[in-house]
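Participant: Generate the whole structure from the sequences, applying the supplied hints.
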Amino acid sequence: MWTLGSTVFVGLAVSAVVAGVTRAHWATEPVSNRAAFDPVETTLMGVYLGGALLVGILGILVVSSEYGTGTIRATLAAAPRRPMVLAAKVIVFGTVTLVVAEVTAFAGFLLGQALLTSPARHATLSSPGALRAVVGIGLFLCVVGLLALGIAVVVRHSAGAISTYVFVMLVLPIIVSGLPNSLQHPIERLLPLSIGSVMINNSVPDAFGPWTGFLILCSYTAVILALSTVLLVRRDA
Amino acid sequence: MIEAQHLTKRYGDRTAVDDLSFTVRPGIVTGFLGPNGSGKSTTMRMIMGLDYPNAGRAIVNGHSYHDLRWPLREVGALLEAKAIHPGRPAWAHLMMLAETNGIPRGRVDEVIAMVGLESAASQRAGKFSLGMSQRLGIAAALLGDPSVLIFDEPVNGLDPDGIRWARLLLRRLASEGRTVFVSSHLMSEMALTADEVIIIGRGRFLAQQPVAEMTSRSTARFVRVRSPQLDLLRAALDSGGAQTALEDDGSLAVRGIDRAAIGDIAAREGLVLHELASEKASLEDVFMELTNKELEYSGSSGTEGNRQ
Numbered sequence: 004m005w006t007l008g009s010t011v012f013v014g015l016a017v018s019a020v021v022a023g024v025t026r027a028h029w030a031t032e033p034v035s036n037r038a039a040f041d042p043v044e045t046t047l048m049g050v051y052l053g054g055a056l057l058v059g060i061l062g063i064l065v066v067s068s069e070y071g072t073g074t075i076r077a078t079l080a081a082a083p084r085r086p087m088v089l090a091a092k093v094i095v096f097g098t099v100t101l102v103v104a105e106v107t108a109f110a111g112f113l114l115g116q117a118l119l120t121s122p123a124r125h126a127t128l129s130s131p132g133a134l135r136a137v138v139g140i141g142l143f144l145c146v147v148g149l150l151a152l153g154i155a156v157v158v159r160h161s162a163g164a165i166s167t168y169v170f171v172m173l174v175l176p177i178i179v180s181g182l183p184n185s186l187q188h189p190i191e192r193l194l195p196l197s198i199g200s201v202m203i204n205n206s207v208p209d210a211f212g213p214w215t216g217f218l219i220l221c222s223y224t225a226v227i228l229a230l231s232t233v234l235l236v237r238r239d240a
Numbered sequence: 005m006i007e008a009q010h011l012t013k014r015y016g017d018r019t020a021v022d023d024l025s026f027t028v029r030p031g032i033v034t035g036f037l038g039p040n041g042s043g044k045s046t047t048m049r050m051i052m053g054l055d056y057p058n059a060g061r062a063i064v065n066g067h068s069y070h071d072l073r074w075p076l077r078e079v080g081a082l083l084e085a086k087a088i089h090p091g092r093p094a095w096a097h098l099m100m101l102a103e104t105n106g107i108p109r110g111r112v113d114e115v116i117a118m119v120g121l122e123s124a125a126s127q128r129a130g131k132f133s134l135g136m137s138q139r140l141g142i143a144a145a146l147l148g149d150p151s152v153l154i155f156d157e158p159v160n161g162l163d164p165d166g167i168r169w170a171r172l173l174l175r176r177l178a179s180e181g182r183t184v185f186v187s188s189h190l191m192s193e194m195a196l197t198a199d200e201v202i203i204i205g206r207g208r209f210l211a212q213q214p215v216a217e218m219t220s221r222s223t224a225r226f227v228r229v230r231s232p233q234l235d236l237l238r239a240a241l242d243s244g245g246a247q248t249a250l251e252d253d254g255s256l257a258v259r260g261i262d263r264a265a266i267g268d269i270a271a272r273e274g275l276v277l278h279e280l281a282s283e284k285a286s287l288e289d290v291f292m293e294l295t296n297k298e299l300e301y302s303g304s305s306g307t308e309g310n311r312q
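Chains as they are written, first to last, in the numbering used here: chain A, 4 to 240; chain B, 5 to 312.
Bear in mind the hints are in silico, worked out from the structure with no lab data behind them. Hints may contain errors.
Some, not all, of what chain B presents toward chain A, calculated at C-beta under 7 Å [claimed, not checked]:
hint, residue
1, 52
2, 53
3, 54
4, 55
5, 69
6, 70
7, 75
8, 84
9, 87
10, 89
11, 101
12, 104
13, 107
Heads up, the beta-carbon is just placed ideally off N, CA and C, and yes, glycines get one too.
Facilitator: Below is the structure:
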């Protein structure tokens, strides 16, 4: 519950802070920066980055705390049909995360826009790409959370799962950015971090469209969840 | 009824359970004994479908655990008392289990009352002492009113009053026709609670017999003798072919001849007897005898060589 609450809080707080600071400094920003400024992207940054991290940790803890406390044995004794147990976790966690993420995305967006009073540019939900960015980032967070949940079933260990998740989300992009451009661009656009960036209107070179990227992310999650189902069934409790 | 058929479990190159077969019948309390590391918990986990055997299978009431429609209503188990989410209150844990198996909510209150946890029911499970956790685990096992009960060290952490309560509970459950399978280290307690025992060592089957028969067959039976002229009596008995050993409390443990013969020898030599009692071997003695060669972990007690 704490993690959920902090997801919402961080998303809103970053949105407010970034928007507020941008507005405050608007007059002093060089013209080229002002032109490149995207109000949609700015206000959703916090939701996207903070949310991805917190939602991932929540998804991991939902599973790994059972392994840590040994509750998994009580759960599997009460419900020996293991695919059902995993499906139940996916459904409950997925639904809660989707709702919270969407609420946070909308609230963060609206709050940020409200703070971007003139002369700073602001957007509304009917601005081109705005609604898609807000709805899409909520969906993104839900799927990324399920990806983390799947990782936790495979790794079974809180610290290990969180490390893996952080590596995939944050460290891998850094490594890839060190590659020469010809290699970097094709790989980078496949990374979850880039997919989320595109969703909130950030520009990534040679990137897929926002919904194409989202489908790619969904396929990663589907593969991990399939793997985790197999492992859950075949391994000892 | 529980049936183990050629259960085998290996972890890497260590064989934890080795071709183990036995049957646990309903209506009696069956004890499961073995030294530390002999594979008792592993066997119980295989019966519960938590770990998979490398060979063989475990059958409960005619089915493998995975095929049970409402597992908690057929098999109740206490395997690990602390395997509860620490943030959850006790009643919430039981409620969760009840709902997964279609057990009515009123039953949760019933089992809480049965184990005496009414005052602690709304506390978080993480704050429970070991004894309280054990009681909660027993409550969880009883939740579905199952016909098969499996307990791994249920009296661990209970005070003497609690131990007695558990013993009476187990005997009552067995008398209701249920199958009760209990593992324990406490030999003396097991002797009082169980009707039959299954002894394993290093994952292998060693013996299965009613407790009474087991203690009477052991070679550890002896006659306890006290006399003011113990040395003379001892010499006479030794020359008569008996094996004698001086006990810590000053009595003499005599093996190899019966009470009547000892009495006759004493009378013949004109020696006074203050005690002449047939000692049944304790379950501990039988157990030690059987498992001495099968100890997985053994320290040196430093007292070997004191017994002559």
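Participant: Each hint should be assessed against the structure and marked as holding or not.
Facilitator: The hints, checked one at a time:
1. 52: holds, 5 Å
2. 53: This hint holds: residue 53 of chain B lies near chain A, its Cβ roughly 5 Å from the closest one there, short of 7 Å.
3. 54: holds, 4 Å
4. 55: holds, 4 Å
5. 69: Holds, about 6 Å.
6. 70: Result: holds, 5 Å to nearest chain A Cβ.
7. 75: Holds, because the Cβ-Cβ distance from residue 75 of chain B to chain A comes to roughly 6 Å (cut-off 7 Å).
8. 84: Interface hint status for residue 84 of chain B: holds (6 Å vs cutoff 7 Å).
9. 87: Given a least distance of 4 Å, the restraint on residue 87 of chain B holds.
10. 89: holds, 5 Å
11. 101: holds, 5 Å
12. 104: Since the shortest Cβ distance to chain A is 5 Å, the answer is holds.
13. 107: violated, 10 Å
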